[in-house]
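Novice: So the chains spell out like this:
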Amino acid sequence: EPEVTQTPSHQVTQMGQEVILRCVPISNHLYFYWYRQILGQKVEFLVSFYNNEISEKSEIFDDQFSVERPDGSNFTLKIRSTKLEDSAMYFCASGDGEADSPLHFGNGTRLTVT
Amino acid sequence: EDQVTQSPEALRLQEGESSSLNCSYTVSGLRGLFWYRQDPGKGPEFLFTLYSAGEEKEKERLKATLTKKESFLHITAPKPEDSATYLCAVQASGGSYIPTFGRGTSLIVHP
Numbered sequence: 001e002p003e004v005t006q007t008p009s010h011q012v013t014q015m016g017q018e019v020i021l022r023c024v025p026i027s028n029h030l031y032f033y034w035y036r037q038i039l040g041q042k043v044e045f046l047v048s049f050y051n052n053e054i055s056e057k058s059e060i061f062d063d064q065f066s067v068e069r070p071d072g073s074n075f076t077l078k079i080r081s082t083k084l085e086d087s088a089m090y091f092c093a094s095g096d097g098e099a100d101s102p103l104h105f106g107n108g109t110r111l112t113v114t
Numbered sequence: 115e116d117q118v119t120q121s122p123e124a125l126r127l128q129e130g131e132s133s134s135l136n137c138s139y140t141v142s143g144l145r146g147l148f149w150y151r152q153d154p155g156k157g158p159e160f161l162f163t164l165y166s167a168g169e170e171k172e173k174e175r176l177k178a179t180l181t182k183k184e185s186f187l188h189i190t191a192p193k194p195e196d197s198a199t200y201l202c203a204v205q206a207s208g209g210s211y212i213p214t215f216g217r218g219t220s221l222i223v224h225p
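Sequences listed follow chains H and V, in order.
The numbers in the numbering used here rise by one with no breaks, and the one at position 77 of the first sequence is 77.
Adding 114 to a residue's 1-based position in the second sequence gives its number in the numbering used here.
Hints should not be assumed to be uniformly reliable.
Computed far set for chain H versus chain V, every beta-carbon distance over 10 Å [unchecked claim]: (1) Ser-48; (2) Gln-64; (3) Ala-93; (4) Ser-101; (5) Asn-107.
Keeping only pairs whose Cα atoms sit at most 30 Å apart, straight-line, the calculated BS3-like set for lysine-lysine is [stated by the list, open to error]: (6) Lys-171(V) with Lys-182(V); (7) Lys-193(V) with Lys-156(V); (8) Lys-171(V) with Lys-83(H); (9) Lys-42(H) with Lys-78(H); (10) Lys-173(V) with Lys-57(H); (11) Lys-156(V) with Lys-42(H); (12) Lys-156(V) with Lys-177(V); (13) Lys-193(V) with Lys-177(V); (14) Lys-171(V) with Lys-156(V); (15) Lys-173(V) with Lys-156(V); (16) Lys-57(H) with Lys-182(V); (17) Lys-78(H) with Lys-182(V); (18) Lys-193(V) with Lys-171(V); (19) Lys-83(H) with Lys-57(H); (20) Lys-42(H) with Lys-193(V); (21) Lys-177(V) with Lys-42(H); (22) Lys-42(H) with Lys-57(H); (23) Lys-83(H) with Lys-42(H); (24) Lys-57(H) with Lys-193(V); (25) Lys-83(H) with Lys-173(V); (26) Lys-183(V) with Lys-173(V); (27) Lys-193(V) with Lys-183(V); (28) Lys-78(H) with Lys-156(V); (29) Lys-171(V) with Lys-42(H); (30) Lys-193(V) with Lys-173(V); (31) Lys-57(H) with Lys-183(V).
For each label pair, taking beta carbons as the anchor points, the in silico distance ranges come out as [to be verified]: (32) Glu-56(H) with Lys-177(V): 44 to 54 Å; (33) Phe-160(V) with Asn-51(H): 22 to 32 Å; (34) Pro-225(V) with Ser-27(H): 34 to 44 Å; (35) Asn-51(H) with Glu-129(V): 40 to 50 Å; (36) Glu-174(V) with Ile-38(H): 28 to 38 Å; (37) Thr-76(H) with Glu-129(V): 38 to 48 Å.
Worth flagging that the hints you see were computed from the coordinates, not collected in a lab.
The beta-carbon is built from N, C-alpha and C at its ideal position, and this holds for glycine as well.
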């Protein structure tokens, strides 16, 4: 069964450094998402991406965040200058384009900012 | 504001002891309600989509039901491998289609 893959599984970085989290969505999916989950809290929406542009973003997704689909398979989330509060699990998800179809999630990248 | 509330926060069961998890939602209109399972350190794994009141879906020991205000995930004769966090997500009709997640119910099934 096709799956969403994310790398790395764990990233440790120092405050102020830039990080790039990578995702390979399911190949025939058209919609891509980033969510995050701070330890012990709920899964929170960050951004959705369709047709090579952001379709929706949350208040969390400020100027420090950016997303890109650099080629036909990868989808990346960049945090320009990490803060301690960015420490969380970051999940990539993809969907097939039907408005009410479920999202399929990767296993996440655990980001630790020290 | 759309809200999704799951209860209980945590549930401990003995193997074979059936129970139900609750997901209450307030949205202007429901497009879809999703149930996911999340194992520790993993991403949410899709289980069911429910669209309208009265609908039911089943998968092995799990059955999801939907009313106009809430959804239940019934677990019949659970096994230790059913231990996980179960997440509910709601997609509203009109406006944003982005699913909003509840905090989840952490289920532990003891052998």
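Novice: Decide, hint by hint, whether the structure agrees.
Specialist: Hint check:
1. Not every CB of chain V lies more than 10 Å from the CB of Ser-48(H), the least distance being 6 Å, so the non-interface label is violated.
2. The Cβ of Gln-64(H) sits about 20 Å from the closest Cβ of chain V, beyond the 10 Å cut-off, so the non-interface label holds.
3. With a minimum CB-CB distance of about 8 Å to chain V, Ala-93(H) fails to clear the 10 Å threshold, and the non-interface call is violated.
4. Distance to chain V contradicts Ser-101(H) as a non-interface residue, since its nearest Cβ pair spans about 8 Å, not more than 10 Å.
5. Not every beta carbon of chain V lies more than 10 Å from that of Asn-107(H), the smallest distance being close to 5 Å; the non-interface claim is violated.
6. Taking the CA atoms of Lys-171(V) and Lys-182(V), the gap is near 16 Å; set against the 30 Å cutoff, the hint holds.
7. Restraint check for Lys-193(V) and Lys-156(V): the C-alpha separation of about 20 Å stays at or below 30 Å, so the hint holds.
8. Straight-line distance between C-alpha atoms of Lys-171(V) and Lys-83(H) comes to about 42 Å, which puts the hinted pair past the 30 Å bound.
9. Distance hint between Lys-42(H) and Lys-78(H) is fulfilled; the C-alpha atoms sit about 21 Å from each other, no more than 30 Å.
10. Proximity of Lys-173(V) to Lys-57(H) is assessed by CA-CA distance (about 33 Å); at most 30 Å being required, the pair is judged violated.
11. Taken as a hint, the Lys-156(V) and Lys-42(H) pair is honoured in the structure, with Cα atoms around 14 Å apart against an allowance of 30 Å.
12. Between the alpha carbons of Lys-156(V) and Lys-177(V) the distance comes to roughly 22 Å, so the proposed pair stays at or under 30 Å and holds.
13. A hinted pair counts as satisfied when its Cα atoms are at most 30 Å apart, and Lys-193(V) with Lys-177(V) qualifies at roughly 15 Å.
14. A distance of roughly 24 Å separates the Cα atoms of Lys-171(V) and Lys-156(V); the hinted pair therefore holds under the 30 Å criterion.
15. The straight-line distance between the Cα atoms of Lys-173(V) and Lys-156(V) is roughly 20 Å, inside the 30 Å bound, and the hint therefore holds.
16. For the proposed pair Lys-57(H) and Lys-182(V), the alpha carbon gap of about 28 Å is at most 30 Å, so the pair holds.
17. At most 30 Å may separate the alpha-carbon atoms for a hinted pair to count; Lys-78(H) and Lys-182(V) exceed this at roughly 39 Å.
18. Pair hint Lys-193(V) plus Lys-171(V) holds up; C-alpha atoms about 19 Å apart against a cutoff of 30 Å.
19. For the proposed pair Lys-83(H) and Lys-57(H), the alpha carbon gap of about 19 Å is at most 30 Å, so the pair holds.
20. A distance of roughly 25 Å separates the Cα atoms of Lys-42(H) and Lys-193(V); the hinted pair therefore holds under the 30 Å criterion.
21. For a cut-off of 30 Å, the pair hint linking Lys-177(V) to Lys-42(H) stands: about 23 Å separates their Cα positions.
22. Note on Lys-42(H) and Lys-57(H): the hinted pairing holds, with a Cα-Cα distance of about 17 Å set against a maximum of 30 Å.
23. Taken as a hint, the Lys-83(H) and Lys-42(H) pair is honoured in the structure, with Cα atoms around 20 Å apart against an allowance of 30 Å.
24. The suggested pairing of Lys-57(H) with Lys-193(V) is violated, with an alpha-carbon distance near 39 Å, which exceeds 30 Å.
25. Using a Cα cut-off of 30 Å, the hinted pair Lys-83(H) and Lys-173(V) is violated, with the two alpha carbons roughly 42 Å apart.
26. This hinted pair checks out: Lys-183(V) and Lys-173(V) have alpha carbons roughly 22 Å apart, not beyond 30 Å.
27. Taken as a hint, the Lys-193(V) and Lys-183(V) pair is honoured in the structure, with Cα atoms around 29 Å apart against an allowance of 30 Å.
28. A threshold of 30 Å between alpha carbons decides the hint, and for Lys-78(H) with Lys-156(V) the separation of about 21 Å falls inside it, so the pair holds.
29. Distance hint between Lys-171(V) and Lys-42(H) is fulfilled; the C-alpha atoms sit about 24 Å from each other, no more than 30 Å.
30. At roughly 14 Å between alpha-carbon atoms, Lys-193(V) and Lys-173(V) fall within 30 Å of each other, so this suggested pair holds.
31. Of the pairs offered as hints, the one joining Lys-57(H) and Lys-183(V) holds, with about 27 Å between alpha carbons and a cut-off of 30 Å not exceeded.
32. Remark: the range hint 44 to 54 Å for Glu-56(H) to Lys-177(V) is contradicted by a beta-carbon distance near 32 Å.
33. In this structure the hint that Phe-160(V) and Asn-51(H) lie 22 to 32 Å apart at CB holds, the actual value being about 24 Å.
34. Take Pro-225(V) and Ser-27(H): their Cβ atoms lie about 40 Å apart, and the range 34 to 44 Å holds.
35. A hinted range of 40 to 50 Å holds for the C-beta pair Asn-51(H) and Glu-129(V), which are about 48 Å apart.
36. The beta-carbon spacing between Glu-174(V) and Ile-38(H), approximately 31 Å, falls within the hinted interval of 28 to 38 Å.
37. The beta-carbon spacing between Thr-76(H) and Glu-129(V), approximately 43 Å, falls within the hinted interval of 38 to 48 Å.
Against the hints set out earlier in the document, violations occur for numbers 1, 3, 4, 5, 8, 10, 17, 24, 25, 32.
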